[in-house]
Amino acid sequence: DVKVTQSSRYLVKRTGEKVFLECVQDMDHENMFWYRQDPGLGLRLIYFSYDVKMKEKGDIPEGYSVSREKKERFSLILESASTNQTSMYLCASSLPGAGGYTFGSGTRLTVV
Amino acid sequence: QKEVEQNSGPLSVPEGAIASLNCTYSDRVSQSFFWYRQYSGKSPELIMSIYSNGDKEDGRFTAQLNKASQYVSLLIRDSQPSDSATYLCAVNGNNFNKFYFGSGTKLNVKP
Chain A
1 DVKVTQSSRY LVKRTGEKVF LECVQDMDHE NMFWYRQDPG LGLRLIYFSY DVKMKEKGDI
61 PEGYSVSREK KERFSLILES ASTNQTSMYL CASSLPGAGG YTFGSGTRLT VV
Chain B
1 QKEVEQNSGP LSVPEGAIAS LNCTYSDRVS QSFFWYRQYS GKSPELIMSI YSNGDKEDGR
61 FTAQLNKASQ YVSLLIRDSQ PSDSATYLCA VNGNNFNKFY FGSGTKLNVK P
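Sequences listed follow chains A and B, in order. Mapping of the first sequence onto this note's numbering: position 23 corresponds to residue 23, and the numbering continues sequentially without gaps. Mapping of the second sequence onto this note's numbering: position 69 corresponds to residue 69, and the numbering continues sequentially without gaps.
Okay, chain A solo, but in the shape it has when bound:
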């Protein structure tokens, strides 16, 4: 069964900590995405990547960075976690131009 795996389902971090969220897909997809989902705001794109070592900013990149050293892995980094980054983080992957994301199960991050 093809899938996108996010390393943690729930995570609690302290303000100011550096946080790593990992995402691995086994579908050989070129495209990978990081979204956050908040009530009333829907899914908002943080960063995306079309290829290894390639990244592009989404709509809300401030306070985040990403790394894609291998095709199957896309990491989201919160450089210095803040309480307003408490959210559900969703990783997704897709084939180029084909649309149709496959989402991971999500990481619910709480920053205290």
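Just so you know, these hints were derived from the structure itself, not from any lab. Incorrect hints may have been included.
Said to hold, decoys possible - DSS-like, lysine-lysine: derived pairs with alpha carbons at most 27 Å apart:
no.	chain 1	residue 1	chain 2	residue 2
1	A	Lys3	B	Lys42
2	B	Lys98	A	Lys3
3	A	Lys71	A	Lys55
4	A	Lys53	B	Lys98
5	A	Lys70	A	Lys57
6	B	Lys106	B	Lys56
7	B	Lys67	B	Lys110
8	A	Lys71	B	Lys42
9	A	Lys55	A	Lys3
10	A	Lys53	A	Lys18
11	A	Lys18	B	Lys67
12	B	Lys98	A	Lys70
13	A	Lys55	B	Lys98
14	A	Lys18	A	Lys71
15	B	Lys67	B	Lys98
16	B	Lys98	B	Lys110
17	B	Lys42	A	Lys13
18	A	Lys3	B	Lys106
19	A	Lys71	A	Lys53
20	A	Lys13	A	Lys57
21	B	Lys56	A	Lys71
22	A	Lys57	B	Lys42
23	B	Lys42	B	Lys98
24	B	Lys98	A	Lys57
We have chain A already, so just place chain B on it with the hints.
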């Protein structure tokens, strides 16, 4: 201005009825349109895609697209309580690999 708009609901329908979910979008160059279903506490799952004007049917689901009016809809026939979820509309932007999501419509199907 939001790229993709959906009524947040909740939309309540009785079991066996047709549920109609609507979505409007702002970018005229959009070419790919998707509906995702998201159960509470779960991640979205793709249920329908549509690329051309008109209707596309898949089982109890029908997606409808009208590019001139910039709306896309999802009909669920013979609604079941298991259809109770939030339905997200996704539309691609001028970067065809990148999609914008609506905030979702919550559907409640009452037994």
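| In ascending order, which of the hints set out earlier in this document are inconsistent with the structure? | Hint check: 7, 11, 16 and 21 fail, others pass.
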